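This is what each chain is made of:
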Amino acid sequence: MKKYTYTEKKDTRSGFGAGLSQLGKENENVVALCADLTGSLKMDAFAKDHPERFIQVGIAEANMMGIAAGLTIGGKIPFTGTFANFSTGRVYDQIRQSIAYSDKNVKICASHAGLTLGEDGATHQILEDIGLMRMLPGMVVINPCDFNQTKAATIAIAKYHGPVYLRFGRPSVPNFTPADQNFEIGKAVMLNEGSDVTIIATGHLVWKAIEAGEQLAEKGISAEIINIHTIKPIDEEAILKSVAKTKCVVTCEEHNRFGGLGDAVAQVIIKNTPVPQEYVAVNDSFGESGTPDQLMTKYGLDTINIVEAAEKVLKRK
Amino acid sequence: MDTVSKIKNMVPQVRRDIVRMVHAVQSGHPGGSLGCTEFLCTLYNGVMKHHPEKWDMNATNQDVFFLSNGHISPVFYSVLARSGYFPVSELSTFRKLNTRLQGHPTTHEGLEGVRMASGSLGQGLSVAIGAALAKKLNNDNHHVYVLMGDGEIQEGQVWEAAMFAAAKKVDNIIATIDVNGQQIDGSTAQVLNSGDWGAKWEAFGWTVLSMNGNDVDDIMKTMQDAKSKSGQGKPVVILMKTEMGNGVDFMMHSHKWHGVAPNDEQLASALSQNEATLGDY
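Going down the list, the protein sequences come from chains A and B. Read in numbering that gives the first Met the number 0, the first sequence has 8 at position 9, and its numbers run on one by one without any break. Read in numbering that gives the first Met the number 0, the second sequence has 229 at position 230, and its numbers run on one by one without any break.
The reader is advised that the hints may include incorrect statements.
Label pairs and their calculated CB-CB ranges [said to hold, decoys possible]: (1) B:Leu96 - A:Gly57: 38 to 46 Å; (2) A:Ile58 - B:Ala275: 46 to 54 Å; (3) B:Val3 - A:Asp119: 56 to 64 Å; (4) A:Pro136 - B:Ser268: 55 to 63 Å; (5) A:Gly57 - B:Gln189: 30 to 38 Å; (6) B:Asp216 - A:Asp119: 56 to 64 Å; (7) B:Glu108 - A:Glu183: 29 to 37 Å; (8) B:Asp195 - A:Glu183: 54 to 62 Å.
Listed next, the in silico DSS-like pairs over lysine-lysine satisfying Cα-Cα at most 27 Å (straight line) [stated by the list, open to error]: (9) A:Lys47 - B:Lys233; (10) A:Lys240 - A:Lys270; (11) B:Lys167 - A:Lys47.
Computed list of chain A residues with no C-beta within reach of chain B, every gap over 12 Å [claimed, not checked]: (12) Met0; (13) Glu25; (14) Thr37; (15) Gly38; (16) Ser194; (17) Ile233; (18) Thr296; (19) Asp301.
Derived by calculation from the structure, the hints in this document are not laboratory data. Every value quoted in this text rests on a predicted model; they were computed, and no experiment measured them. By construction, the Cβ of each residue, glycine as well, lies at the ideal position given by its N, Cα and C atoms.
Next up, chain B with everything else stripped away, as it sits in the complex (with noise of 0.2 Å):
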């Protein structure tokens, strides 16, 4: 099977992981996690230079990536253990007493492939800001990914931090938005209409490109030229157009799955609908 294949034999697996994981704790946030899953499987999997078998909380000589929208941890976990972060079997431990699979990603319980807290949002971009200093101060040539949500961004510290990237030429960042166009009291144009984000980071003095964030062969395509774009002076951000709960089709086109776990029949409809293509877990 080539990469894109792989990539996209995955995303089912994941979206069944995703859904299990919320059901059985009866919490976590599978809107937005479903709308990714064909992102961070193709970034992890066909855009990222990694070792997952090496974990190094460091990340010398590798890509790393930062999830600063922690909630949709859902799909950050499934994807890092069938990238190979850690066994596929911990997934069942989610949200529950005394696991390393916390309602939020952090690193304090050492799970392996996350290197920072997220949860209280707008606080990626500025870490994963200093991760690629920090490449560039160690001369590693490897590349700094990070996930936003376009609700996410409302927060004043990413303004801070596209400020600062753009003056100071961290081109060695890669950031996507994910542009789902819902937040927790309803769409985003409802909540605080935002106008044309593509021209406000483009005034920021950033690279923009789009994508279909659903479409693996176009995510591994925009990546690509993401990583081409880098390294001359400017941050790239990628704003992301998904569907929330995409791959569930009661899921979709709301923003009333946010953070609401399905019921036992609501699962079944969702597993019926995705192949277990590697196993559950």
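For reference, chain A alone in the conformation it holds in the complex (with noise of 0.2 Å):
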């Protein structure tokens, strides 16, 4: 097993922050849109730096995603900034009509999505955005993994023509890839190379698969890690390629177990080359108010589940 260490813990929406501050700098045409949450989506460095260019629309997220549209005619590249919530189900036929439909170069920027949210509970604990944002033609759906790979999604998104939805979350998760990473959308990032069994895995839930990883390499047993930050388009090369070596496969998302990334797998296999699938992921169901840490141990999002997950999917070879 490959040994990942990092030196700090920072949440997911710091590294958004980090790359839209970045981009304000590099590209004029960036416009950023807030609906009353720039510090808990660490706008405030593009707000500071560029007023002209950042645009406090209030609570009112079906009025940000239309004028979000609207900037893109004009040649502006708008990125919203809302909870996780409130950039999909509140406003899913803004996006449905105005962005998707209507073609629009919009970034939809997400934070804290799924039950790390913690004690707000489960009315701000969205676990469907995934599956949401996947039905909806020519959506790109992006989950980044920690800091350095949000800051380099949000910046790889700005270059790339089209309506794009990037997940990212609150608590402090270790920071491990690298800051020099280039981020290539669509494609797996290979964290382990293994036999025995592929773990997928995105967001929050790739550093939980790599402790897994650990303590399934101290068993004896061989797991191939990859770290899917792209869920459409998905990489199917790097799936199809890992299954024909492990012949079977966990997915492990902070999601419900509908319309995910463990669904998205299971299309990629089911067409190819079915194998044995087990899903670490919410058993549909909502959130609840509690620690981010209670939280996914209680639904079953730990590094235990993924490790239990991967004992059972081998026995099912």
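Using the hints, put the two standalone chains together into the complex.
Here is the structure:
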């Protein structure tokens, strides 16, 4: 098992803020919009440095999505910022008609996704957003795993022309990917080559997958670990190459088991080389109040759940 | 022929296009389309500075129009074609399989003149504000126009946008509301009596004008007035009184022709009331 280390834990939303700040300096067409969550989204630096290109919309997410769509008509590259729940479910029709169907170059940037929002509870903990966004034709869906990768993703999506959903979160997680990484949309990252089981993870579950790989190695199980930061378009080649070798797969995501990474991977393998799959995901429920760690444990999204899923899927081979 | 005469000459032809398009596929929305015929003919041929021959999605250095109440696509398509955006012959494909003239307008099929999809109501004002902000950032001193229906402004997003445009002084936008007093389930007063629209928009911080949307001269005068009032720190909205189904006698004074196509006999009657001034498609 390849050894991964980190010097500090950082929140992925700060990676977004850092990336946006850099983009602001490099690309004058980048415009940022926020619906009264500037601090939570870490958009302060951009707002301070480029007040003329920062649009405070107020608590009006539907209007924000429409304004973002309109800004593209004039060559702007709008980045909208609010919580994942208000970035997707609340404004689905606005995204569908004014952005996705209208082919607009809007970057929908969503923080506080999933359970790790913590104590605010289920009203704010969306676990359906990946599914909602995946279903929109032409929408790119990205869920990076740490600060550095979120920063790199933020910068990369400005260069891509088309609607993008960028999902990140609130808790501090190990910042282990290289600061100078080349973020390629749609390209999976091989974290560890293994032979017994493929573990495919996205977002906050990637570090837990690494921890699970270490525990499995101690038990003599060789896990291949893949970081899928882009859920749509998904890297079919990387998935198929891996399962051809391991003949089984575990998918890990901070999302409902319906509609997310697990289903995206399942679609790839059933069309090509069906193999047993286990999901580490929320079992079709809403979240609740609690600390992020408590919630990840209660809802079965911990390292131990990945280890157990790997052992289970191995028996199904 | 002077500009106003040309516009007035175009109006009956666009009416013919509308009823023929809707009749051909036995679907579509003739009532609101006919009511807005004078307005769109005037906007595209007497008011807006635009370049149909050089189609540019970004609308650089030209005025731009958004149709928010996308169901009146027949009048939009006819006026776009008759103003030079795409061949008039393409009107015959309206609502047919593989057409660029979808039931509700879309950018998805690359139809020149359409810059956003509309149909799900209440979204156009926000998009127009975005385009207006882009123009300000680009130092592009042109106007952004948007048309909404009076039933449509029951949607909450419209009021989010109304608050925003006034608060942020988006004063290069000129919105028009088609006040025909009708919506699918009956009159707007019956469905959701909303009181004084003018007072509402004024309270939201907009400059409010009104006009007769079935009178080309009044539209020309009022739109010039709207332009002169723009750039003064407030967005402008025009309450445009129209008669739904205008120019086709049996479609007027009722909400029943919102989304109903005429039969053969009714088509003949409608065409007899409107001369083919420019030649049918």
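Tell me, in ascending order, the numbers of any earlier hints that this structure violates.
4
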